[in-house]
Amino acid sequence: MEDAEIIELYWHRDERAIEETDRKYGAYCQGIAYNILRVYEDAEECVSDSYQRSWESIPPERPRRFKAWLGTLVRNISINRWKKDRAAKRGGSFSLLLEELGECLPAPMDTEEAAELRELGRQINCWLARLGEGERRIFLRRYWYGDSIPALAESLGMSGNGLRQKLFRLRRGLRAFLEKEGYHI
Amino acid sequence: MRENLGLAIFESLGYIDPEYIEQAANSRGGERSTLRRTVRLLLIAAALLSLLTAAACASAWFGLGARLISLGGQGEAGAGEGESYVSLSGLQGSPEFLAAGQWLEFKNSYEQKMVEGQLAEGESLYDWRDLERGFARENEYDLAVSRIYGVWDEAMLKELKDIAGEYGLSLHTRAGRPESGELEGTVYENGAYKYGFMLPLHDSYNLVTVYYEPWGTLPAMSLPIYAPGEYEQWEYETDLGARVDIALRRQPIDVPENYEPSPGELSWDCLIFCRGDGADLTLRCSWSGEPAPQNTAEDIADALDFKALLEDGSISAVAGAIKEK
Numbered sequence: 097m098e099d100a101e102i103i104e105l106y107w108h109r110d111e112r113a114i115e116e117t118d119r120k121y122g123a124y125c126q127g128i129a130y131n132i133l134r135v136y137e138d139a140e141e142c143v144s145d146s147y148q149r150s151w152e153s154i155p156p157e158r159p160r161r162f163k164a165w166l167g168t169l170v171r172n173i174s175i176n177r178w179k180k181d182r183a184a185k186r187g188g189s190f191s192l193l194l195e196e197l198g199e200c201l202p203a204p205m206d207t208e209e210a211a212e213l214r215e216l217g218r219q220i221n222c223w224l225a226r227l228g229e230g231e232r233r234i235f236l237r238r239y240w241y242g243d244s245i246p247a248l249a250e251s252l253g254m255s256g257n258g259l260r261q262k263l264f265r266l267r268r269g270l271r272a273f274l275e276k277e278g279y280h281i
Numbered sequence: 043m044r045e046n047l048g049l050a051i052f053e054s055l056g057y058i059d060p061e062y063i064e065q066a067a068n069s070r071g072g073e074r075s076t077l078r079r080t081v082r083l084l085l086i087a088a089a090l091l092s093l094l095t096a097a098a099c100a101s102a103w104f105g106l107g108a109r110l111i112s113l114g115g116q117g118e119a120g121a122g123e124g125e126s127y128v129s130l131s132g133l134q135g136s137p138e139f140l141a142a143g144q145w146l147e148f149k150n151s152y153e154q155k156m157v158e159g160q161l162a163e164g165e166s167l168y169d170w171r172d173l174e175r176g177f178a179r180e181n182e183y184d185l186a187v188s189r190i191y192g193v194w195d196e197a198m199l200k201e202l203k204d205i206a207g208e209y210g211l212s213l214h215t216r217a218g219r220p221e222s223g224e225l226e227g228t229v230y231e232n233g234a235y236k237y238g239f240m241l242p243l244h245d246s247y248n249l250v251t252v253y254y255e256p257w258g259t260l261p262a263m264s265l266p267i268y269a270p271g272e273y274e275q276w277e278y279e280t281d282l283g284a285r286v287d288i289a290l291r292r293q294p295i296d297v298p299e300n301y302e303p304s305p306g307e308l309s310w311d312c313l314i315f316c317r318g319d320g321a322d323l324t325l326r327c328s329w330s331g332e333p334a335p336q337n338t339a340e341d342i343a344d345a346l347d348f349k350a351l352l353e354d355g356s357i358s359a360v361a362g363a364i365k366e367k
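Going down the list, the sequences are from chains A and B.
Using our numbering, read the first sequence as starting at 97 and increasing by one per residue.
Using our numbering, read the second sequence as starting at 43 and increasing by one per residue.
Hints were generated in silico from the structure; no laboratory data involved.
Take these hints with a grain of salt, some might be off.
What the hints assert, rightly or not - Which stretches of chain A does chain B cover? Using the computed rule of at least three CB atoms under 8 Å from a CB of chain B, they are:
| id | region |
| --- | --- |
| 1 | 114 to 120 |
| 2 | 174 to 182 |
| 3 | 253 to 261 |
Unchecked claim - Derived pair list, reagent style BS3-like, types lysine-lysine, alpha-carbon separation capped at 30 Å:
| id | chain 1 | residue 1 | chain 2 | residue 2 |
| --- | --- | --- | --- | --- |
| 4 | A | K163 | B | K200 |
| 5 | A | K163 | A | K120 |
| 6 | B | K155 | A | K179 |
Glycine included, C-beta positions come from ideal geometry on N, C-alpha and C.
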């Protein structure tokens with residue numbers, strides 16, 4: 097079913113909307129949540145919650161890019177879930193990913209401020225626009241979707257070390273960009 | 043410290059251009075490569091199937107009407123009001139069917155009551171949910187069933203256990219991915235599974251979801267269904283000798299009053315049921331543009347060896363049970 101048809105189901109308050117969303121994007125959402133939480137049941141719950149949130153948001157919303165919209169939704173829900181759990185579950189592969197990303201930020205910031213996060217996102221978007229499509233995909237697969245280094249390296253036909261170096265250069269490039277743009281708090 | 047900075051960047055990436063998100067998704071091993079893997083599996087399965095011998099699968103008239111759980115309204119298959127679900131295990135009157143209905147009735151009304159309470163208090167809709175499930179943390183079984191059945195507080199947990207006890211049913215205690223990396227789905231501790239895959243049919247692929255539920259356990263979910271009275275139903279014997287029940291409904295579309303949509307503009311929702319060897323098997327799929335939907339529904343039924351799936355009872359049997367049409 098096309099995304100527009102699924103969104104029409106939401107607008108008609110037809111419960112098949114959830115079923116069709118799950119059919120088409122269940123595995124996609126599950127993958128995003130699992131890469132953050134690393135607990136299957138928790139990921140399932142976040143996916144369920146994201147469907148609930150979709151049901152509550154559409155209407156009035158009518159996402160133009162439903163897949164990205166839904167992915168962002170499940171990602172945000174999973175991040176919030178991870179934050180709640182992290183005191184008890186500190187460590188693991190997601191923490192490692194965050195440690196990597198932490199190198200990119202030249203200055204500390206108030207991480208709770210949504211407006212600052214949005215502004216930082218806008219800056220990073222400018223930086224992403226300057227990258228080649230291949231590099232942008234690698235960066236986002238690692239840091240938006242949370243793909244593991246071995247899985248990403250395998251799908252790209254690269255060695256793990258080669259990929260780590262590539263990611264290191266990208267992170268360094270992002271940090272330099274943010275510094276150059278005068279990004280500071 | 044650095045983890046927090048990383049989290050800030052990770053969260054800020056939530057504001058980037060959606061086009062970049064979709065571009066990256068399309069290069070992932072998620073959906074696309076999963077489909078390619080599945081298609082490869084299907085082709086291998088089709089070759090193996092020629093070696094299988096067809097055998098009859100015992101089934102009587104056990105269609106949608108016998109599996110329909112109607113909440114807050116009429117209980118007939120023709121019900122148009124209230125919420126309706128398809129029981130994934132057990133027919134009307136069976137412990138599984140009755141327990142599933144009772145649990146759904148409780149869960150929906152309880153959640154509604156809690157949400158209304160939150161609204162009255164001016165709180166966020168879902169603040170009543172104990173996300174940490176502190177009420178079940180000290181008991182591994184309680185925590186497991188709470189996660190699987192969407193239980194959010196002690197009252198829900200008590201009701202769930204009471205219902206299962208009343209009907210002499212077990213509860214699922216483990217849900218995970220299939221062991222094989224090739225398969226996308228959910229497998230439970232008793233072998234029950236939900237598995238979505240692409241079925242080759244008429245030179246294209248149809249997305250199909252199969253639910254397998256052995257009797258004796260309360261299913262983790264029931265399938266929501268809209269306008270059950272609009273389903274056309276019939277019994278059918280597949281090419282491989284299985285007796286199945288098919289339910290087919292044309293999905294509503296918005297068109298001007300005097301406009302007659304062409305077959306290509308119509309889409310269909312189809313359910314296929316088969317039972318035996320101590321379990322229920324339910325298949326759900328939808329498609330658009332096929333001029334003879336009844337034939338398509340029967341072709342889909344012919345493309346799966348239902349008897350083999352029920353006899354084997356494991357998710358790994360699905361790939362081997364697919365026959366290319």
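A quick look at each hint next to the structure:
1. As drawn, the region 114 to 120 of chain A meets chain B at 5 residues by the rule of a beta-carbon pair under 8 Å; at three or more, the given contact holds.
2. Look at the region 174 to 182 of chain A against chain B: 5 of its residues bring a Cβ nearer than 8 Å to a Cβ of that chain, three or more, so the hint holds.
3. With 0 residues having a beta carbon nearer than 8 Å to a beta carbon of chain B, the region 253 to 261 of chain A misses the requirement of three or more and the stated coverage is violated.
4. With a C-alpha separation of about 38 Å, the suggested pairing of A:K163 with B:K200 is violated against the 30 Å cut-off.
5. Between A:K163 and A:K120 the CA atoms are separated by roughly 9 Å; this keeps the pair inside 30 Å, and the hint holds.
6. Distance restraint check for B:K155 and A:K179: the Cα-Cα separation of roughly 28 Å lies within the 30 Å cut-off, and the hinted pair is therefore satisfied.
Violation of the numbered hints given earlier is confined to hints 3 and 4; the remaining hints are satisfied by the structure.
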